[in-house]
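A.B. asks: All chains should be modelled from the sequences, with the hints used to inform the complete structure.
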Amino acid sequence: MRRWAFLLILWVPFDALAQTPDYVGSEQCVECHTDEAEAWAGSHHALAWTRVDDGHVKADFDETRFDHDGMTVDFERDEGVLQAHVTEKDGAKKLYEVHSVVGIEPLQQYLFETEPGRLQSFDVVWDTEEKRWFHLYPDQDLPPDDGLHWTGPYKNWNARCAECHATGFDKNYDAQTRSYASVQAEIGVGCEACHGPGSAHIDWTQGQSVDADLSEFGFTMDWGKGRTETEIQQCAGCHSRREAHGDGNPIPGKPYHDAYNLAVLRPGLYHPDGQILDEVYVYGSFLQSKMYAQGVSCMNCHEPHSAELKADGNGVCNQCHSPAGNPDFPTLTAKEYDTPAHHHHAEGTEGAQCTSCHMIERVYMGVDGRRDHSFRIPRPDLGLGQDACTDCHQTEDQAWAAQQIEAWFPVSIHRSAHYGTAFRSALTGQANGPDELLAIATDPQIAGIVRATAAYLLQPFGSEEVAMQAASLLSDPDPLVRANAVPLQRQATVSDQVRRLEPLLSDPFRNVRISAAKEFLNIPSQSLTPEQQALVGQGMAEWQGAISNRLDFPETHLVLGGMAVTFRNAPAAERAFREVVTLDPQRAEAWPMLVQLAQINRGPEAGRAALEEGLTMLPEDPGLLQLKSQLSP
Numbered sequence: 036m037r038r039w040a041f042l043l044i045l046w047v048p049f050d051a052l053a054q055t056p057d058y059v060g061s062e063q064c065v066e067c068h069t070d071e072a073e074a075w076a077g078s079h080h081a082l083a084w085t086r087v088d089d090g091h092v093k094a095d096f097d098e099t100r101f102d103h104d105g106m107t108v109d110f111e112r113d114e115g116v117l118q119a120h121v122t123e124k125d126g127a128k129k130l131y132e133v134h135s136v137v138g139i140e141p142l143q144q145y146l147f148e149t150e151p152g153r154l155q156s157f158d159v160v161w162d163t164e165e166k167r168w169f170h171l172y173p174d175q176d177l178p179p180d181d182g183l184h185w186t187g188p189y190k191n192w193n194a195r196c197a198e199c200h201a202t203g204f205d206k207n208y209d210a211q212t213r214s215y216a217s218v219q220a221e222i223g224v225g226c227e228a229c230h231g232p233g234s235a236h237i238d239w240t241q242g243q244s245v246d247a248d249l250s251e252f253g254f255t256m257d258w259g260k261g262r263t264e265t266e267i268q269q270c271a272g273c274h275s276r277r278e279a280h281g282d283g284n285p286i287p288g289k290p291y292h293d294a295y296n297l298a299v300l301r302p303g304l305y306h307p308d309g310q311i312l313d314e315v316y317v318y319g320s321f322l323q324s325k326m327y328a329q330g331v332s333c334m335n336c337h338e339p340h341s342a343e344l345k346a347d348g349n350g351v352c353n354q355c356h357s358p359a360g361n362p363d364f365p366t367l368t369a370k371e372y373d374t375p376a377h378h379h380h381a382e383g384t385e386g387a388q389c390t391s392c393h394m395i396e397r398v399y400m401g402v403d404g405r406r407d408h409s410f411r412i413p414r415p416d417l418g419l420g421q422d423a424c425t426d427c428h429q430t431e432d433q434a435w436a437a438q439q440i441e442a443w444f445p446v447s448i449h450r451s452a453h454y455g456t457a458f459r460s461a462l463t464g465q466a467n468g469p470d471e472l473l474a475i476a477t478d479p480q481i482a483g484i485v486r487a488t489a490a491y492l493l494q495p496f497g498s499e500e501v502a503m504q505a506a507s508l509l510s511d512p513d514p515l516v517r518a519n520a521v522p523l524q525r526q527a528t529v530s531d532q533v534r535r536l537e538p539l540l541s542d543p544f545r546n547v548r549i550s551a552a553k554e555f556l557n558i559p560s561q562s563l564t565p566e567q568q569a570l571v572g573q574g575m576a577e578w579q580g581a582i583s584n585r586l587d588f589p590e591t592h593l594v595l596g597g598m599a600v601t602f603r604n605a606p607a608a609e610r611a612f613r614e615v616v617t618l619d620p621q622r623a624e625a626w627p628m629l630v631q632l633a634q635i636n637r638g639p640e641a642g643r644a645a646l647e648e649g650l651t652m653l654p655e656d657p658g659l660l661q662l663k664s665q666l667s668p
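Per the working numbering, residue 36 is the first one in the sequence shown, and the count goes up by one each step.
These are calculated hints, taken from the structure and not from any lab test.
Be a bit skeptical, because a hint or two may be false.
[What the hints assert, rightly or not] Below 30 Å or equal to it, Euclidean Cα-Cα: the simulated DSBU-like pairs (lysine-lysine) are:
no. : residue 1 : residue 2
1   : Lys129    : Lys93
2   : Lys166    : Lys128
3   : Lys370    : Lys345
4   : Lys166    : Lys93
C.D. replies: Next up, the structure:
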């Protein structure tokens with residue numbers, strides 16, 4: 036069986052072959068688009084990332100001090116230069132100048148350039164409401180050698196944040212030197228971050244012709260009536276929890292599933308019923324909603340340039356949910372919703388706000404409240420861990436809340452079976468088999484992200500029978516479902532795997548093609564025709580390209596190390612796990628692998644040396660302590 040040596044494939048990024056207009060900067064738009072530019076200028080988009088001298092610094096740098104868990108920070112201005120004197124908990128001291136500013140409210144964060152080109156997000160931030168410094172992670176022990184320390188890989192601005200706070204951003208990470216040469220057309224989310232590079236548009240205003248692959252006005256992104264899904268996907272590029280396939284911003288207008296792998300409703304990110312848990316940035320919850328299914332877009336509720344809500348309080352919802360209704364959404368029942376007869380709370384109170392019941396709020400980054408955009412009806416009767424009722428009535432329990440709702444709405448279609456119950460059973464090991472998950476995954480009436488999650492949760496139930504029953508998902512209209520259904524074919528026969536997965540190697544969306552290509556790693560190449568081998572090679576190349584853009588992520592090298600172990604390439608595996616612990620010495624799962632691989636590749640002494648190194652970083656790690664007893668001379 037020949038192994039796919041995909042890391043040796045010469046990869047040319049397909050996007051590099053396409054000619055696109057050039058970025059010109061938001062200032063070029065102001066003269067003709069005065070109202071839009073004025074609305075944008077004060078928005079959270081425009082102020083997502085600014086320079087210190089732009090005048091947006093909110094924090095007190097006039098000789099203020101912050102102390103936390105053995106760390107001390109003294110903030111000051113030195114002839115107009117903002118500085119932070121940081122004394123770490125291990126006693127190390129260093130002076131940093133503020134490089135740039137992130138956000139405007141309710142908190143503001145500051146970036147330090149710790150090495151040339153490397154920007155790090157400082158964990159001590161400014162609360163713009165309370166006017167105080169605070170630590171983003173007050174309950175965590177984060178010494179300087181921890182990967183989660185503010186100087187570590189997970190707080191690196193270039194890799195983790197910049198692409199959504201800049202326009203025309205390219206990360207440009209050099210894996211050999213572990214350094215960055217990042218560039219962007221503009222810091223902040225400028226006009227071209229949403230509309231696309233503007234040079235061809237300027238040519239259009241001067242009477243020049245526009246290329247056929249651009250919009251009629253010369254943009255890569257075509258906004259306007261009838262483009263709802265395209266517009267939602269453009270917003271979703273940043274407002275989602277996802278894995279990026281590219282090196283920075285995709286050109287606006289690029290389909291979401293070409294650029295990203297969207298996180299499904301996984302544990303740790305969402306509750307079993309799909310409500311938000313961790314910070315998931317809206318898109319994943321919105322995809323669950325009936326509003327999304329009926330064609331509601333971001334801009335039905337949010338002004339596109341100011342990003343503010345279109346009305347105050349319940350006014351946003353009353354645009355449609357009222358006796359007048361909305362002709363754009365004819366399936367909606369036109370009736371009075373903003374009344375105690377519906378919400379059963381006193382008018383003018385928090386309980387009377389639509390968002391209190393239908394958009395629960397969770398606080399991230401200490402003070403930043405974000406609302407769930409699944410617009411769900413409260414279901415305390417499910418007992419799945421959270422609900423809007425007990426969010427407010429914290430002295431009551433879910434049984435009480437369920438009784439109240441049943442008393443208000445004794446006849447309701449909204450207390451039927453819910454996929455969250457099946458998801459909880461699967462996640463807790465209490466499912467009696469795959470049948471419930473299969474029923475959810477194959478039900479076209481259920482939201483695509485929910486069906487994709489059911490496919491994801493089916494993996495532990497993998498069998499030839501499940502592979503056969505799930506085969507229809509490979510041709511599902513939703514690319515997220517197709518991508519997550521691919522792994523369910525692992526237990527099928529080789530011939531069935533090839534037959535079912537080959538069409539996905541030519542899928543319209545890169546994320547699906549990559550998902551399919553991964554499965555061919557364990558399919559013997561002699562089982563494929565030359566044409567099929569060529570398709571697999573193309574998919575592998577796209578996967579390689581995506582991986583090569585994430586080589587500054589420790590988790591990427593965990594994947595590469597595991598892959599090399601599977602292919603019995605011990606030297607490559609050791610290099611990969613060595614890179615994991617170089618980037619993040621606290622990754623406990625990497626050290627035992629590194630120790631064993633060092634012993635395999637270079638003998639017992641090398642294994643013991645790696646073991647001692649690991650124990651220096653993680654002296655209480657059970658895996659390393661077990662290896663110590665085994666490797667003692």
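A.B. asks: Take the hints in turn and mark each one as holding or not.
C.D. replies: Status of the hints after comparison with the structure:
With a C-alpha separation of about 23 Å, the suggested pair Lys129 and Lys93 falls inside the 30 Å cut-off, and the hint holds. For the proposed pair Lys166 and Lys128, the alpha carbon gap of about 26 Å is at most 30 Å, so the pair holds. At most 30 Å may separate the alpha-carbon atoms for a hinted pair to count; Lys370 and Lys345 meet this at roughly 21 Å. For a cut-off of 30 Å, the pair hint linking Lys166 to Lys93 stands: about 8 Å separates their Cα positions.
When the structure is compared with the earlier hints, no violation turns up for any of them.
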